[in-house]
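Q: Now for the letters of each chain:
Number of protein chains: 2
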Amino acid sequence: MRQILRLNLTTGTVRREPLAREMALLGGRGLLDAILTAEVDPAGHPLGPGNKLILAPGLFAGTSLPTSSRLSVGGKSPLTGGIKEANVGGNAGQVLARMGLAALVAEGQAGEGTCRVLFVGPQGTELEDRPELKMKGNYETAAALRQRYGEEAVVVSIGPCGEMGMAAASVAVTDLEGRPCRHAGRGGLGAVMGSRGLKAVVLDPAGLKMIKGERPEEFARAAKAYSQQVAQGARNPFWRDYGTPGIIDAASGRGSLPTRYFREGSYDKRAGINGQRFKELIDERGGQTGQPCMSGCLVRCSNVFNDAEGEYLTSGLEYETICLLGSNLDIDDLDTVARLDFLCDDYGLDTIETGAALGALSQTELFSLGDGPGAIELVHQIGRGTVLGRVLGQGAAVVGRVFGLTRVAAVKGQSIPAHAPRALKGLGVTYATSPQGADHTAGFVIEEPLSNQGQSERSRKAQLNSILADTLGICQFAEVDRTDLDLFAGLMGPLLGLEVTPEEVKVLAREALLRERDFNLAAGLGPAFDRLPEFMAVEPLPPHEEVFDVSREDLARVFGELDRPEWGR
Amino acid sequence: MRQILRLNLTTGTVRREPLAREMALLGGRGLLDAILTAEVDPAGHPLGPGNKLILAPGLFAGTSLPTSSRLSVGGKSPLTGGIKEANVGGNAGQVLARMGLAALVAEGQAGEGTCRVLFVGPQGTELEDRPELKMKGNYETAAALRQRYGEEAVVVSIGPCGEMGMAAASVAVTDLEGRPCRHAGRGGLGAVMGSRGLKAVVLDPAGLKMIKGERPEEFARAAKAYSQQVAQGARNPFWRDYGTPGIIDAASGRGSLPTRYFREGSYDKRAGINGQRFKELIDERGGQTGQPCMSGCLVRCSNVFNDAEGEYLTSGLEYETICLLGSNLDIDDLDTVARLDFLCDDYGLDTIETGAALGALSQTELFSLGDGPGAIELVHQIGRGTVLGRVLGQGAAVVGRVFGLTRVAAVKGQSIPAHAPRALKGLGVTYATSPQGADHTAGFVIEEPLSNQGQSERSRKAQLNSILADTLGICQFAEVDRTDLDLFAGLMGPLLGLEVTPEEVKVLAREALLRERDFNLAAGLGPAFDRLPEFMAVEPLPPHEEVFDVSREDLARVFGELDRPEWGR
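Order-wise, the sequence lines are chains A and B.
Using the numbering used here, the first residue of the first sequence is number 1, and each one after it goes up by one.
Using the numbering used here, the first residue of the second sequence is number 1, and each one after it goes up by one.
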């Protein structure tokens with residue numbers, strides 16, 4: 001029976017408790033949602049005493065299933081004011097799952113200025129005050145904790161931005177080399193962690209074993225088909241060679257690459273930041289592509305990016321980061337982008353929200369597009385918490401509010417990521433309607449990208465498929481057929497020692513999505529918030545010169561008709 | 001037939017059009033609501049092209065009815081995101097009404113950086129570019145425009161804060177001496193005006209005559225009873241001698257005077273700022289109490305406050321200002337408060353929101369309670385638009401957001417004014433539920449102040465009474481029985497040349513309130529926003545040591561049962 005590890009920061013107590021029976025089929029995002037909606041008042045302040053930070057490994061985490069051990073991180077978002085789940089790679093998901101933990105719930109608040117570290121190891125747990133780590137970056141924090149607890153320790157931590165309560169603050173997870181470069185970036189969950197007084201969670205994997213399931217042989221048989229699908233999908237070397245930066249040219253060609261703060265959909269200077277350039281520089285400088293972020297990953301899309309002297313600059317440099325901190329800011333220099341990525345990782349910032357905040361600021365006199373050194377200086381200001389840094393650290397919507405800007409690319413306070421919705425209208429429907437705010441991972445739609453018809457149905461299906469994948473812990477690059485409910489039911493049953501039908505799998509996804517929706521409604525994020533920014537309805541985006549013109553009625557149908565259509569088969 | 005003067009800033013056109021028949025009974029807030037809800041998309045950005053600034057004199061404005069010519073100013077609020085009406089004294093209401101105008105609607109947007117002035121005189125209207133007034137204070141603006149258009153001209157203007165799009169920006173109206181010291185302060189309407197590119201409206205009263213109504217003799221008879229009520233109420237010299245600062249001691253005694261950013265309800269150092277001290281300094285220094293803000297006012301609660309050298313410091317120094325910029329900031333020096341009041345008037349800032357923003361900031365290292373010179377410097381920063389000034393100029397809720405504060409005294413983004421709701425729970429219900437956000441003028445309740453029972457009913461009645469008074473243009477200090485619907489119907493009929501029943505008066509108030517509510521729902525401000533800040537439910541307020549404990553169910557009953565109860569008789 002899986003357990004919940006409950007850490008109360010107010011009292012300093014840690015206890016294990018059994019997972020409630022009604023949550024038995026859940027993991028990851030779905031479980032996190034269930035706990036959050038049961039335990040957190042939607043009306044409460046995200047940084048107040050009632051919010052909780054929840055870490056929940058996907059249901060498949062820790063098993064032999066490859067590329068399927070994502071960790072969901074969640075709470076009530078200081079960025080959107082609604083429910084939030086951000087998921088992340090690295091080995092934290094696997095380790096937590098192998099510890100028998102369905103979730104770690106951090107609740108209460110240590111006194112202001114407290115800096116605590118929770119260690120979870122084979123002998124039990126320890127909660128320590130570590131004042132010397134206060135306002136330290138993630139790199140220094142992870143290094144210090146691995147020195148203390150061993151090189152194999154997995155570290156989940158926040159940088160100074162989380163400690164300062166910034167809504168762009170991320171939660172970092174170490175990669176296989178111990179670098180804190182995997183981030184649960186979106187929604188300000190770092191600030192939820194920081195406002196508990198929790199600086200880091202350290203997980204010692206010593207002695208842990210792979211999860212074989214309650215009916216091991218049956219599980220192993222089912223796992224084989226699944227693993228073959230993932231292996232088949234991973235035969236294409238594209239992700240290993242280029243990683244996600246490889247898609248920059250395609251996005252630009254499709255007209256959906258946010259450029260110059262969402263004024264263009266193609267980037268004329270993309271040769272400075274595209275996949276080819278990325279790979280050239282990595283190869284020249286002794287960096288690496290083809291890195292796995294979690295043990296046993298077959299996709300291996302991660303990377304190490306060195307500077308011109310061959311010195312480490314950053315890891316896990318992703319497409320989203322290169323867009324939001326590159327084309328979005330008209331910075332066509334990968335070294336600058338890589339430096340910004342490192343600083344965001346170290347200070348503990350979502351690169352998407354940070355790039356968007358700088359983009360919004362470029363509409364004032366305080367920052368100009370194309371100014372790489374200026375961007376670096378501003379990210380330092382965020383990390384140091386200057387007044388301007390505080391504004392930027394709260395994300396683009398707050399930048400817009402502070403400077404009286406009407407043109408801000410955000411939904412429910414969360415910045416639109418690196419796929420322009422005027423050129424990908426189905427994804428635009430997801431941005432508008434997802435309980436997560438604008439989030440490309442909440443339901444990616446690429447079909448008939450310029451049509452305003454039929455997108456609500458596509459988005460609904462994609463959102464259901466995504467919440468299921470996030471519940472199971474499946475990486476978005478694991479090429480598993482997300483509509484194959486028989487496959488999933490056939491794995492879940494023997495894994496959990498239960499009988500699970502495909503219909504139950506379908507229902508759990510829909511119920512999880514509705515749970516998120518209901519939480520948001522109670523928090524005040526009603527249907528009026530299900531829309532893209534006003535300017536996108538009137539300002540055509542080159543090169544297609546399209547506006548976002550999916551009707552409000554269609555947007556309302558995503559949730560309005562959630563019960564009706566078949567999906568997933 | 002009354003008309004609407006419609007100014008389109010995009011095209012530069014001005015035209016008069018008849019008031020729609022269904023709006024015939026409306027003036028002031030009720031009319032403004034009707035126009036706004038009919039013409040403005042609730043989903044639009046408050047500073048975007050679709051918002052409108054509306055000036056609407058109360059229905060009684062310009063008649064012989066004393067102390068009843070308030071001007072309603074409104075639009076979609078950049079502070080709350082909902083509907084907004086703020087009303088103001090001065091002679092603008094009378095003059096607009098006597099011009100035959102039920103409302104002035106400023107719509108569209110002049111190009112960015114444009115600074116336009118609309119002149120309305122006996123010969124017609126002129127719209128001029130006045131770039132030399134750009135970023136000028138209200139005092140310089142009003143003086144320049146009165147020099148240009150004559151000493152009798154009434155000026156409605158914004159300072160630099162309105163031009164910078166700040167959500168704490170006010171709309172100033174000149175008093176009888178031509179000083180821009182009467183402000184439609186709340187909700188950031190100055191930014192709505194500024195975002196149109198409209199710096200000022202100048203009204204030339206030359207040749208205008210008092211409104212005698214469509215059935216003059218009948219109106220005069222009805223007016224007599226009304227005027228006698230007002231005159232009777234004004235026999236007590238309290239408002240003339242002390243003005244609103246006279247109530248500081250009473251509020252402190254009642255435990256409802258916000259002190260040290262809502263940490264206390266009584267101010268130990270009130271002797272430095274109370275009514276007695278206020279009157280002493282005015283008398284010593286050759287200032288004035290007993291000033292009328294509009295022609296024919298019998299209450300005369302306004303004042304002129306001089307400095308120690310007998311030089312003009314400010315006018316219209318009010319209780320709310322002295323609380324929010326005084327006791328709230330632990331500044332017990334009236335000269336400092338008066339200076340802050342002048343700066344707010346000149347830069348074009350709501351003194352309530354500004355004081356609250358400084359109060360919120362006192363929870364950071366950037367400002368300390370009791371620091372008068374620091375407060376003055378910060379208000380200058382707002383007026384100059386430094387980064388910190390921009391944050392403060394967006395109001396206390398944005399200060400809280402930027403600095404990650406959980407303790408912010410605001411509802412729907414608008415700061416709680418100078419009556420502490422934990423010690424005045426009925427007013428707290430109004431703060432929580434009014435479509436206007438936290439606003440003491442939206443429905444003042446003082447009965448059984450510490451009881452959490454029956455307050456929804458009291459608040460509902462008070463909100464209906466207030467919206468009626470704001471629709472008719474009645475000053476809150478005109479002691480007219482607001483529940484005497486026969487009196488109001490008996491005035492409205494002959495004034496408008498219609499038959500008006502008391503029932504119709506009752507219905508128009510209720511419908512106006514529901515219209516505001518519906519606009520807010522469509523704008524996203526649903527019932528989840530009808531609550532006081534979380535901290536007020538858990539942090540007891542000295543001296544009564546009370547929390548705000550009216551239940552959510554009771555709060556929901558304010559609007560939930562709006563149709564049911566009798567009110568007003």
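It should be emphasised that the hints constitute simulated quantities derived from the structure, not laboratory data.
Treat the hints with care, as some may be off.
20 Å max Cα-Cα, derived EDC-like pairs, lysine to aspartate or glutamate [to be verified]: (1) A:K134 with B:D486; (2) A:K461 with A:D484; (3) B:K461 with B:E499; (4) B:K134 with A:E365.
Q: For each hint, tell me whether it holds in the structure or not.
A: How the hints compare with the structure:
no., hint, result
1, A:K134 with B:D486, "68 Å, violated"
2, A:K461 with A:D484, "13 Å, holds"
3, B:K461 with B:E499, "25 Å, violated"
4, B:K134 with A:E365, "18 Å, holds"
The structure fails hints 1 and 3 (numbered hints given earlier, in ascending order).
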